[in-house]
Amino acid sequence: MADFDQELDASGLNCPLPILRAKKTLNAMASGQILHIIATDPGSVKDFDAFAKQTGNELMESKEEGGKFQFLIKKS
Amino acid sequence: MEQKKLAIIATKGSLDWAYPPFILASTAAALGYETQIFFTFYGLQLLKKKLALEVTPLGNPGMPMPMGMDKWFPILGMTLPGMQGMMTSMMKKKMQSKGVASVDELRELCQEAEVKLIACQMTVDLFDMNTSDFIDGVEYAGAAAFFEFAGESDICLYI
Chain D
523 MADFDQELDA
533 SGLNCPLPIL
543 RAKKTLNAMA
553 SGQILHIIAT
563 DPGSVKDFDA
573 FAKQTGNELM
583 ESKEEGGKFQ
593 FLIKKS
Chain L
-16 MEQKKLAIIA
-6 TKGSLDWAYP
4 PFILASTAAA
14 LGYETQIFFT
24 FYGLQLLKKK
34 LALEVTPLGN
44 PGMPMPMGMD
54 KWFPILGMTL
64 PGMQGMMTSM
74 MKKKMQSKGV
84 ASVDELRELC
94 QEAEVKLIAC
104 QMTVDLFDMN
114 TSDFIDGVEY
124 AGAAAFFEFA
134 GESDICLYI
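Protein chains in written order, with my numbering: chain D, 523 to 598; chain L, -16 to 142.
None of these hints come from the bench; they were simulated from the model.
Predicted model, so just to flag it, every value in this text is computed and none were measured.
Take the hints with a grain of salt, since some may be wrong.
[To be verified] Here are the simulated lysine-lysine pairs, DSS-like style, with alpha carbons at most 25 Å apart: (1) K(-5)(L) with K568(D); (2) K(-12)(L) with K575(D); (3) K546(D) with K(-13)(L); (4) K590(D) with K81(L); (5) K546(D) with K54(L); (6) K(-13)(L) with K575(D); (7) K(-13)(L) with K568(D); (8) K(-13)(L) with K596(D).
[What the hints assert, rightly or not] Taking CB as the label site, the calculated pair distances span: (9) D525(D) with D116(L): 47 to 53 Å; (10) Q79(L) with G588(D): 23 to 29 Å; (11) A550(D) with D116(L): 32 to 38 Å; (12) Q576(D) with G60(L): 45 to 51 Å; (13) Q576(D) with G65(L): 31 to 37 Å; (14) G588(D) with E(-15)(L): 28 to 34 Å.
Idealized CB from N, CA, C, for every residue including glycine.
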């Protein structure tokens, strides 16, 4: 997995908390910085894709590893 | 691109029905929507500082019951004193164990994200509700004020 600037562990959290926490974390980051998110909610795969499309932040990577979902989002 | 708008009317005051307005409003705000929730009738319960929201399977055959309770306690059993409180605490435990946010938390997230919370002045008066029981930041208005925002919204939901 590529480098990232900040990490958010949203394991155990259910909809819509992973998205809300990610949004909050991104708010405090600078444009171009990358956020790594870990989640266990299977719905988060589609949700982060939709979040990126609607907010303009780029979803650089989305994958499942060992029962956890991992995302890299670059702040626009 | 102009900011999208979401207008919600929240009319229900039970624990289960508290979720849709707050989940949708907080998520919409995170997606960049300007969002308002208009609370009317029983929905006003969702604005109380001290939330006392409950669930009941009465009149709701779709509510999944834990441990086959629907077989042990048919409808009449559900009317026994204390049953609603018990169902509510079981539901809250279940939600916590599944990582579902509390209504308090979602409501706070809505306020942080500047979701506008509007209480229907008419129903506040109708039920003789005390506005000091409501959380800070609530605005009071009527139907015309709702339409001012809803008329320009991209999505409008009645919950």
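Now the hints, each set against the structure:
Only pairs whose Cα atoms come within 25 Å are accepted, and K(-5)(L) paired with K568(D) is rejected, the gap being roughly 29 Å. For the suggested pair K(-12)(L) and K575(D), the alpha carbons sit about 17 Å apart, so the restraint of at most 25 Å is met. With a C-alpha separation of about 19 Å, the suggested pair K546(D) and K(-13)(L) falls inside the 25 Å cut-off, and the hint holds. For a cut-off of 25 Å, the pair hint linking K590(D) to K81(L) stands: about 15 Å separates their Cα positions.
Distance hint between K546(D) and K54(L) is unfulfilled; the C-alpha atoms sit about 45 Å from each other, more than 25 Å. Distance check on the hinted pair: K(-13)(L) and K575(D) sit about 14 Å apart at the alpha-carbon level, within 25 Å; holds. Between K(-13)(L) and K568(D) the alpha-carbon distance is near 21 Å, which keeps this suggested pair within the 25 Å criterion. As the CA atoms of K(-13)(L) and K596(D) are separated by approximately 22 Å, the hinted pair is consistent with the 25 Å bound.
Evaluation of the 47 to 53 Å hint for D525(D) and D116(L) yields a pass: the beta carbon distance comes to about 50 Å. At about 25 Å, the beta-carbon gap between Q79(L) and G588(D) stays in the expected band of 23 to 29 Å. Between A550(D) and D116(L), the C-beta spacing of about 34 Å keeps the proposed range 32 to 38 Å intact. At about 46 Å, the beta-carbon gap between Q576(D) and G60(L) stays in the expected band of 45 to 51 Å.
A beta carbon spacing of about 45 Å between Q576(D) and G65(L) contradicts the range 31 to 37 Å that was offered as a hint. A beta carbon spacing of about 42 Å between G588(D) and E(-15)(L) contradicts the range 28 to 34 Å that was offered as a hint.
Of the hints listed earlier, those the structure fails to meet are numbers 1, 5, 13, 14, in rising order.
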